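Participant: Each chain, written out:
2 protein chains.
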Amino acid sequence: MFKKQGPRIKEIHITPIAIVDPPLLNAAGLHAPYALRTILEIVTDDNISGISEIPGNRDIDIALEASKSFLIGMDVFQLNEIQRVLVQNFGVDKTTDRGESPWDQRKLVHIFSAVEVACMDIIGKAIGKPIVDLLGGKLRDRVPFSAYLFYKYEGAGGELGFNTVSNANGWDAARQRSALNPSEIVEQAKAICAEFGFQSIKLKGGVFEPRQEVDALFALREAFGASIPLRFDPNALWQVDTAIKYGKEMEPILEYLEDPVRGQANMAVVRKALSTPLATNMCTTSFEEIPNSIAIGAEDIILSDHHFWGGLRASITLAGICKTFSRGLSMHSNSHLGISLAAMVHLGAAIPEMTYALDTHYPWQSDEIIVGGRIKFEEGSVLVPTEPGLGVELDRIALAKLHQNYINCGLTKRNDEIEMQKVNPGWKFQSVRW
Amino acid sequence: MFKKQGPRIKEIHITPIAIVDPPLLNAAGLHAPYALRTILEIVTDDNISGISEIPGNRDIDIALEASKSFLIGMDVFQLNEIQRVLVQNFGVDKTTDRGESPWDQRKLVHIFSAVEVACMDIIGKAIGKPIVDLLGGKLRDRVPFSAYLFYKYEGAGGELGFNTVSNANGWDAARQRSALNPSEIVEQAKAICAEFGFQSIKLKGGVFEPRQEVDALFALREAFGASIPLRFDPNALWQVDTAIKYGKEMEPILEYLEDPVRGQANMAVVRKALSTPLATNMCTTSFEEIPNSIAIGAEDIILSDHHFWGGLRASITLAGICKTFSRGLSMHSNSHLGISLAAMVHLGAAIPEMTYALDTHYPWQSDEIIVGGRIKFEEGSVLVPTEPGLGVELDRIALAKLHQNYINCGLTKRNDEIEMQKVNPGWKFQSVRW
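Heads up: the protein sequence lines correspond to chains A and B, in order. Going by the working numbering, the first sequence runs without a break in its numbering and finishes at 434. Going by the working numbering, the second sequence runs without a break in its numbering and finishes at 434.
One chain only, chain A, in its complex shape (with noise of 0.2 Å):
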């Protein structure tokens, strides 16, 4: 049995990796032929090892490095106190760290969830238990994932970039192909739900003017029918009066729309105008805005990530919230690896209002950096892992040539403008656009 404290934190390893991303569009332009991950190791005294996953960004890193001389010879079941300490050190975030970018910068929420989930990891392994029932138990077997389709241009990312694999077959190939209008999202949503068996699909819009995006939610209403559930995240990018427009013709046929328009106070005015359910995680962000998004009305579902919220118990109070205000609840994500798939499996797993199949990145990617390679979706859902801990452990050889591509590609955090002006130069990123 275990000493009364302890295992304590021996090492902290911090691995930034850049992962081949293909060139998919957004409101925020391009992504890199490279997406940034930070992968951190916990090691303790008693030579367990913990992992996880958070966005890959420079400064983020510069400060879980600094976390190294206090978190340090801290007990990984001390969370509360591993918390109080980052804060202590830290400050807590600012909401207005999120503001206008598009996508979330904010330090302490990802530190947390970094160091969290390692711990969780370590605890897991160390009781013989999975992480998810460190969170209450799985409610279900298998956490359902939504198809994610983007618009993107012609590619594979990596050091292909624009250029494509041509022995390349299935979604393999469909991944590299270009989409860029209504026909090729279809093409690119059955090549996806073939592969990975996905039941629902959500289309990342905020590309090109709302006619074209809505067409394309249309077009693909009619190539899978009204069993498939479909969500359209214009991304913010739409003025009131457009979202309303838009969202009316859409009401047959959405499961949910997503961040239409930017802001809480916009987001009501929406709510307001349409019977279809609003979804986000670009108005509220944070748990300080969480009271004004409920007095003012300005969604129904959060669309959570443990990376953005402090990690996994901080989402399990969300989930909390989102129940008792009677708001939905499903999850966000961005370019990925199996280290954060795993951990919201497990999360995933233990909520029980998860009502809507969980956003990935994951079949995007084509690297893996854990051991056992690329983890495998059976109708469009990922199976619980029930090993200790997280379930999934580092590929060391990987985590190398990844760290690697990350000193080769010379990216220290996500610009999607930039890489968008590599191809159309001027490009310039709107908060508002139509």
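Don't read these hints as lab results, they were simulated from the structure. Quantities reported herein were computed from a predicted structural model and do not represent experimental measurements. Be a bit skeptical, because a hint or two may be false.
[To be verified] EDC-like mimics (lysine to aspartate or glutamate), calculated; alpha carbons at most 16 Å apart, straight line:
no., chain 1, residue 1, chain 2, residue 2
1, A, Lys-323, B, Glu-11
2, A, Lys-68, A, Glu-11
3, A, Lys-323, B, Glu-289
4, A, Lys-94, A, Glu-289
5, B, Lys-323, A, Glu-288
6, A, Lys-422, A, Asp-172
7, B, Lys-323, A, Glu-289
8, A, Lys-190, A, Asp-172
9, A, Lys-401, A, Asp-172
10, A, Lys-94, A, Glu-288
11, A, Lys-428, A, Asp-416
12, B, Lys-68, B, Asp-141
Model the placement of chain B on the given structure of chain A, informed by the hints.
Facilitator: The following block gives chain B in isolation, referenced to the frame of chain A:
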């Protein structure tokens, strides 16, 4: 290391007990000579035993008995699934079940609290960690409690009824003396603070007309000075005008005013009129009632109670809701023994925002059911147990004796109105009195 599943529930023992309770007065009437509690013991297939304590009520005991048929065989780590099965079998408590009743008699929250705490006691023992470490770990070594003053008749309760033990001294003597006016309340406060070292004081009111009770508060202030925070609970018995009038008078001396009036709407009116924070355990008593509490601004502080909010993990969610919506948090109590106290202390140690000393009736009890006898207070605080699980063990001789008390006393549920009628024939509980 563990099997992938388990430990599994093999036996469930439900033992109603009756504990000696002095003739304390409140808005609902008079405490009976015995307060009822139910002790739950769960034994696993690998013979780990976990315990819990909830308010005693035959209807809830019967429901607990019925729950055996579907709980036996379940894995104690699967708390989410256990909750799902309990909801499936008993249905969700209706908030109206709380209703006008002076105390909480909802089934599901009590049952889930009983089962969850016992399971977490087992989990803690199985992994060699105190329950606080299953809640993210402790943020403080000691959890502070408040002195809980009561108007009361002379008497020790139990077989002695309204008689006292002649050779008692110190707090033992003081807690048997009557307290029916401000000066007796001050004497009671001095004795309880001398014995337990409490650093804050709460008076349970709703017994006498407001003037007398308010005078008691001012007498306490005069006796203890401004460094000892004072709280006052009129037990939801006042009209709005009364609450505003006396609330304003007490503004300079109260840390918070608890349930001055009945119902969220009335609380919101009083809250607007006063600068003193309002606390509640009677007007907002469930997650279902929180949205309206927030919407209308019914109160500043929720007095949580893991027995009434569905367990320790639900209480963590409640704490997250309170933090998110800038509500304070503390804890409510009923007459209880050391198993409930230990659970409260583990929970109180894990919640960052537990900013107010907790309520406890514990000083009013003289029985104990745990090995080692009564839990010690130091400077009003209880040391967080560091042993695995709850850190307290069942004293089986005491359990048998207190169960015999239950059989002998003939009580099956709390009814302070009937007890009061034995002293004051024709007395009737009124939900609003002054």
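Participant: Evaluate each hint against the coordinates.
Facilitator: The hints, checked one at a time:
1. A:Lys-323 <-> B:Glu-11: Violated. A:Lys-323 to B:Glu-11 sits at ~33 Å, over the 16 Å cutoff.
2. A:Lys-68 <-> A:Glu-11: holds, 8 Å
3. A:Lys-323 <-> B:Glu-289: Between A:Lys-323 and B:Glu-289 the Cα gap is close to 12 Å, so the pair holds against 16 Å.
4. A:Lys-94 <-> A:Glu-289: holds, 10 Å
5. B:Lys-323 <-> A:Glu-288: Roughly 9 Å between the alpha carbons, so the hint for B:Lys-323 and A:Glu-288 holds.
6. A:Lys-422 <-> A:Asp-172: Status violated; Cα separation ~25 Å.
7. B:Lys-323 <-> A:Glu-289: Given pair B:Lys-323, A:Glu-289 holds - Cα atoms ~12 Å apart, limit 16 Å.
8. A:Lys-190 <-> A:Asp-172: holds, 13 Å
9. A:Lys-401 <-> A:Asp-172: Given that 16 Å is the threshold and the Cα spacing comes to 21 Å, the pair is violated.
10. A:Lys-94 <-> A:Glu-288: holds, 9 Å
11. A:Lys-428 <-> A:Asp-416: Distance ~10 Å between A:Lys-428 and A:Asp-416 Cα, so the pair holds.
12. B:Lys-68 <-> B:Asp-141: Not satisfied, since the Cα-Cα distance of roughly 36 Å exceeds 16 Å.
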